[in-house]
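Throw the hints in and build the complete structure from the sequences for me.
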Amino acid sequence: AQTVTQSQPEMSVQEAETVTLSCTYDTSESDYYLFWYKQPPSRQMILVIRQEAYKQQNATENRFSVNFQKAAKSFSLKISDSQLGDAAMYFCAYRTSTSGTYKYIFGTGTRLKVLA
Amino acid sequence: DTGVSQDPRHKITKRGQNVTFRCDPISEHNRLYWYRQTLGQGPEFLTYFQNEAQLEKSRLLSDRFSAERPKGSFSTLEIQRTEQGDSAMYLCASSLGTGRNTEAFFGQGTRLTVV
Chain A
903 AQTVTQSQPE MSVQEAETVT LSCTYDTSES DYYLFWYKQP PSRQMILVIR
953 QEAYKQQNAT ENRFSVNFQK AAKSFSLKIS DSQLGDAAMY FCAYRTSTSG
1003 TYKYIFGTGT RLKVLA
Chain U
125 DTGVSQDPRH KITKRGQNVT FRCDPISEHN RLYWYRQTLG QGPEFLTYFQ
175 NEAQLEKSRL LSDRFSAERP KGSFSTLEIQ RTEQGDSAMY LCASSLGTGR
225 NTEAFFGQGT RLTVV
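Just so you know, the protein sequences line up as chains A and U, in that order.
Start counting the first sequence at 903; every next residue gets the next number (the working numbering).
Start counting the second sequence at 125; every next residue gets the next number (the working numbering).
These are computed hints drawn from the structure, not numbers from a lab.
Note that CB positions come from ideal geometry on N, CA and C, so glycine has one too.
Hints may contain errors.
[As the list claims (entries may be wrong)] Heads up, incomplete: computed chain U residues facing chain A, CB under 8 angstroms, no partners named:
| id | residue |
| --- | --- |
| 1 | Arg155 |
| 2 | Tyr157 |
| 3 | Pro167 |
| 4 | Phe169 |
| 5 | Tyr172 |
| 6 | Ala177 |
| 7 | Glu180 |
| 8 | Gly221 |
| 9 | Thr226 |
| 10 | Glu227 |
| 11 | Ala228 |
| 12 | Phe230 |
| 13 | Gly231 |
| 14 | Gln232 |
| 15 | Gly233 |
| 16 | Thr237 |
Shown next as structure tokens:
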């Protein structure tokens, strides 16, 4: 079974600085998707960034980028120029692309604090 | 369409009572998911529908839990004979299952407190 591990329960970053959140996963599949979701306090979870395993190029979305290391099964999120609004729980998630099984498997999350 | 909608947002119930939650997905989304999230944890998968068919259920989903998605539109999650351990946030998500569309859109959740 696939698993997702986030080893950093909490991280802090100064406003305007850069922070990297770690995620590792375990799978025997070759084709899958990886995601970072953001969950602000008392608000719904929203997608930050997505990576398709068959793509070697790391995904970027404005200030957010990933470092996808397929062989190492590592998928870290880098947030540049951190803003106060980035403070939230961040969840790494895995989804198979195998037909018929489309559930998302989440890690335990990393709480990001942004210091003014 | 404003996104995934869940009702109620909060539910307080006495142990032993039955509760039912509703989820209205984004209208064109054929995939619907239920997750449970406890404080400080990531969402745990409960069950998944493609259209009206329930294709997967987690072993976490005991016999007291049942979910339906009649006509492939809204879904309900019922918990019978609630226990204090059922207290959690119940999240619904939907996605469009075509091509390589993969993003799951989440609702705001229903927070259940069993007293």
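I'd like to know which numbered hints this structure contradicts. Please list them from smallest to largest.
6 and 16
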